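K.L.:
Listed below are the residues making up each chain.
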Amino acid sequence: MAKVFIYPTTSLILSDLVARFGHTPLSAALQVRERIQTPGLESPPLQITPEDPKKGLRYAAVEVPSGVRGRMALYGPMIEEAEAAIIIHDADYSFGCMGCARTNELIQFLLRKKGIPILDLRYPRTDEEGVEFVAAIQEFLKSLPGGSP
Amino acid sequence: MSKVRIAQLSCGPEYSGVQKEIEEAARAVDAELFYPDIRLEDIRSGFDSFGLDVRSPDLRLSIARARALVEGKIEADAVFIATCFRCAEAAIVRNELRRYIAENSKLPVVSYSFTERTTAGTLLTRMEALTTIARRRALLAREIQEGLTLGIDSGSSTTKAVVMRDNQIIGTGWLPTTGVLASAESAIELALQQAGVKRSEIQAVGTTGYGRFLVGEKIKADLIQEELTVNSKGAVYLADTQHGPSTVIDIGGMDNKAISVQDGIPGTFTMGGICAGASGRFLEMTAKRLGVDITELGPLALKGMAKKVPMNSYCIVFGTQSLVNALAAGSTPEDVAAAACHSVAEQVFEQQLQEIDIKTPVIMVGGTSLIEGLVKAMGDLLQVEIVVPHHSQYIGAVGSALLASGFIKG
Chain A
1 MAKVFIYPTT SLILSDLVAR FGHTPLSAAL QVRERIQTPG LESPPLQITP EDPKKGLRYA
61 AVEVPSGVRG RMALYGPMIE EAEAAIIIHD ADYSFGCMGC ARTNELIQFL LRKKGIPILD
121 LRYPRTDEEG VEFVAAIQEF LKSLPGGSP
Chain B
1 MSKVRIAQLS CGPEYSGVQK EIEEAARAVD AELFYPDIRL EDIRSGFDSF GLDVRSPDLR
61 LSIARARALV EGKIEADAVF IATCFRCAEA AIVRNELRRY IAENSKLPVV SYSFTERTTA
121 GTLLTRMEAL TTIARRRALL AREIQEGLTL GIDSGSSTTK AVVMRDNQII GTGWLPTTGV
181 LASAESAIEL ALQQAGVKRS EIQAVGTTGY GRFLVGEKIK ADLIQEELTV NSKGAVYLAD
241 TQHGPSTVID IGGMDNKAIS VQDGIPGTFT MGGICAGASG RFLEMTAKRL GVDITELGPL
301 ALKGMAKKVP MNSYCIVFGT QSLVNALAAG STPEDVAAAA CHSVAEQVFE QQLQEIDIKT
361 PVIMVGGTSL IEGLVKAMGD LLQVEIVVPH HSQYIGAVGS ALLASGFIKG
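Top line first, the protein sequences correspond to chains A and B.
If you're matching positions, the first sequence starts at 1 in my numbering and goes up one per residue.
If you're matching positions, the second sequence starts at 1 in my numbering and goes up one per residue.
Please note that the accuracy of each hint is not assured.
Said to hold, decoys possible - Calculated cross-link-like contacts (lysine-lysine; reagent style DSBU-like; alpha-carbon spacing at most 35 Å):
| no. | chain 1 | residue 1 | chain 2 | residue 2 |
| --- | --- | --- | --- | --- |
| 1 | A | K3 | B | K288 |
| 2 | B | K288 | A | K55 |
| 3 | B | K106 | B | K73 |
| 4 | B | K307 | B | K288 |
| 5 | B | K288 | B | K20 |
| 6 | A | K54 | B | K106 |
If you're looking for bench data, these hints aren't it; they were derived computationally from the structure.
Source: prediction; values computed, not measured.
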């Protein structure tokens, strides 16, 4: 079983696919759920406090905007944990969306820097491409250690 | 009074941990923030038709939401645009959206670039101005002062009071702010004395400035109002430009305001207060270093050449150091005074005036408008003849007295 970082991290479809093949998806939903369920915090809507952009300094320097550093406080630990990653390029908003382009560039760079197996795919625009898309993800997940056939 | 509904167009406040602060500032002025809901296909079409090809989906969403607001698909009373400080992509979107909304709708709009250190207190004056424009258009439409009214401007550096009767200023009081209440009381007494009227005769009172709440509650003011709207109103009233467009610049002791005004009502505005090097405080320090009174700095600067003094920093500490070094190297006090005025004007020009559309007449108000060297430096940068109305240092007090007359009973 591998810990698989998914991009966009908000994609429920991708998260579900990873779980179906016996792996652990590293997604935004889990991180946000953990924060929302943490008692004693009161910083809606995501329970991110002004302390988080400071934690994000681990991944981005102080001259980087606070929104990037706050996001990295969320995604950075997931990248550190990741043993593999699936990156979908030009995804439709309905598939999953990550708000800040600069954060997205940094996330992809840090994933590549880790040297873990990465599957890069373009979001499908036709039914035929859709079938190929799912097949490629299946094949990738099966190839990871502990992946169910 | 119904809540003012403010549409939020933003990228990043939730992830910077400051969304709570934005909402708290809105709550403090009895406003309600909301994200304009739009359909997925409207995001695509709204963004595509706007024509600004940015990469960040949250900025694309903001563009689509702005279009929905301008086209009337979503109703709002005002718009708040907020993006991360230091993000170039967001800065472009922020500026273009503010301009787009101002040019294509009657919605008051304010924009802000935040850091994780932004607090509700920092945003309060902006939110208050935003809700005032939305809520009190009738009050802001007032063009004539009536009856006998008193206006107090409790500023960070000075406290000013003005007594007005039947559209005339009949008494003024001006003091450095020490104790907020004590300074206000003294300024009021000075104004009343000069006007030759008793406190009991005053029919309505208005307060503005940093100490407006404290002073307003103490003297039971009829109107307690932030300085963005009050100063705009006072500026166009004194400059006799109540109709059509104008731009108001107020370089204060603690912060600066640049306000784009249409028919006496503020449209877009910026309020800067991060750096003391861009404030009246820097000019005070320069005057002190040159051994002249602040009132002498302006005429001195007019005789000097700013370019002769190298200024390597906008910072109040390092900037002052540059001036000291220049004096030690033989620069004249006139050139140093001119360089200080140019430095403040240039900072305001670069950091704030780029964010609003400058429309003539450009009116400078506040105590610093009496420093002729600063007015000249600003005029040179903007390539316009700056208007400094009479009583410009009393602008907040005059605006308060003018607007307070709307509260005279009977």
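K.L.:
State for each hint whether it applies.
P.N.:
Evaluation of the provided hints:
{"no.": "1", "hint": "A:K3 <-> B:K288", "in the structure": "violated, 65 Å"}
{"no.": "2", "hint": "B:K288 <-> A:K55", "in the structure": "violated, 43 Å"}
{"no.": "3", "hint": "B:K106 <-> B:K73", "in the structure": "holds, 14 Å"}
{"no.": "4", "hint": "B:K307 <-> B:K288", "in the structure": "holds, 21 Å"}
{"no.": "5", "hint": "B:K288 <-> B:K20", "in the structure": "violated, 42 Å"}
{"no.": "6", "hint": "A:K54 <-> B:K106", "in the structure": "violated, 39 Å"}
This entry does not satisfy hints 1, 2, 5, 6, going by the numbered hints stated previously.
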